[in-house]
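J.: Given the sequences, and given the hints that come with them, work out the whole structure.
Number of protein chains: 2
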Amino acid sequence: MNEYPSILLDAAVREMSSLPGIGRKTALRLVLNLLRRTPEEVDSFAGAMTRLRHEVRYCRCCHNLSDSDLCPVCSSHSRDRHLICVVENVQDVMSVENTGQYNGLYHVLGGVISPIDGIGPGDLEIDSLVARIEPENIREVIFALPATMEGDTTNFYIYRRLTGTGVRVSQIARGVAVGNELEYTDEITLGRSIVNRTEFHT
Amino acid sequence: MNEYPSILLDAAVREMSSLPGIGRKTALRLVLNLLRRTPEEVDSFAGAMTRLRHEVRYCRCCHNLSDSDLCPVCSSHSRDRHLICVVENVQDVMSVENTGQYNGLYHVLGGVISPIDGIGPGDLEIDSLVARIEPENIREVIFALPATMEGDTTNFYIYRRLTGTGVRVSQIARGVAVGNELEYTDEITLGRSIVNRTEFHT
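Chains A and B, in that order, give the protein sequences. The opening residue of the first sequence carries number 1 in my numbering; numbering runs sequentially from there. The opening residue of the second sequence carries number 203 in my numbering; numbering runs sequentially from there.
Note that these hints are calculated values from the structure, not bench results. Yeah, the Cβ is synthetic: ideal placement off N, Cα and C, and Gly gets one too. Some clues are possibly wrong.
Stated by the list, open to error - Listed next, with one range per pair, are the computed distances between beta-carbon atoms: (1) ASN300/B - ARG197/A: 54 to 62 Å; (2) THR355/B - GLY23/A: 32 to 40 Å; (3) SER95/A - ALA349/B: 39 to 47 Å; (4) SER280/B - PRO39/A: 31 to 39 Å; (5) LYS227/B - THR163/A: 34 to 42 Å; (6) ARG14/A - LYS227/B: 18 to 26 Å.
To be verified - A partial selection of chain A residues facing chain B, derived with a Cβ cut-off under 7 Å: (7) ARG51; (8) VAL56; (9) ARG60.
T.: As structure tokens, then:
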């Protein structure tokens, strides 16, 4: 006897466990949960995944996920259109949006430069970022890429590409997280937070 | 702006997070993983779920999941056809099979008696179990239901129904798990393991 009494079940568990962080046991639990639903509910579940993959589009301006040609941010009239926040992927757009502290535009690179993974500048949306600066009259580009060697490389590469456009280039502050104790903060972060200390306001 | 830049994404995340133990953040991560795959791969993922739900069958004899009229266990010629292990659901069949210690048949009740959830004997595959005893010449029924009040109630109900058939009724041993320390074992389990102690063999 196989591990499972049905090859259909086996196939479903195999697909479910192909998702990141989902092992065979969890996959079986999730699949058996689907099996307890009505056929219409399972069709709705499966349909949502296939529709997303087949029908989702990417904003032609900032390359964020979108249902139409322009994403909600790029087509909004209430955003500051002189600011671009450069992020690695679509999750990062959501993270910044969730802060409620940013009202400018975005540019999703689709990754960071990583020679070890074979990802060069040409694989990322860097040309399209540079091409936005003058026509859109952008005044500031804010780097919000990960604080890794790849992120730093990408920051530096884009910075060089922007030289001469006159645009201001900044990056998000790195430092001790709000609420964190100094003794549990890693040395690099704590060191940066001292070097980049800010004026004390009351 | 919505939480997500796309209503398709929103729908997919909502469906994914309807699975047990999958929160919004995990659901987003899983959905974005699907989004990075080819359309064919996503179709394969979704198709496995819908095919399972629409095409899976239940063994007409033991009610385990099956691709055909009889499940692999019931149609096997190498099993002991005089033994039936009574379990709550299809996962339990897999758990017992994985031990490699059981070579008899199964009967999947589809739940346990639970008045609080409105589940009575008529909602479970109890009649069909009782109906198997004589024609199949069953000699022993082994209860492997959960050690809860509902499981005990169900055991007792089935036991009463089997009175007069002459079938032997047993239940799986409860006791201190192999490898567990006594001090971390709950009192009820430890107590049962003393009451139901077995002969020491060398």
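J.: Could you tell me which of the numbered hints above are not met by this structure, giving the numbers in increasing order?
T.: 9
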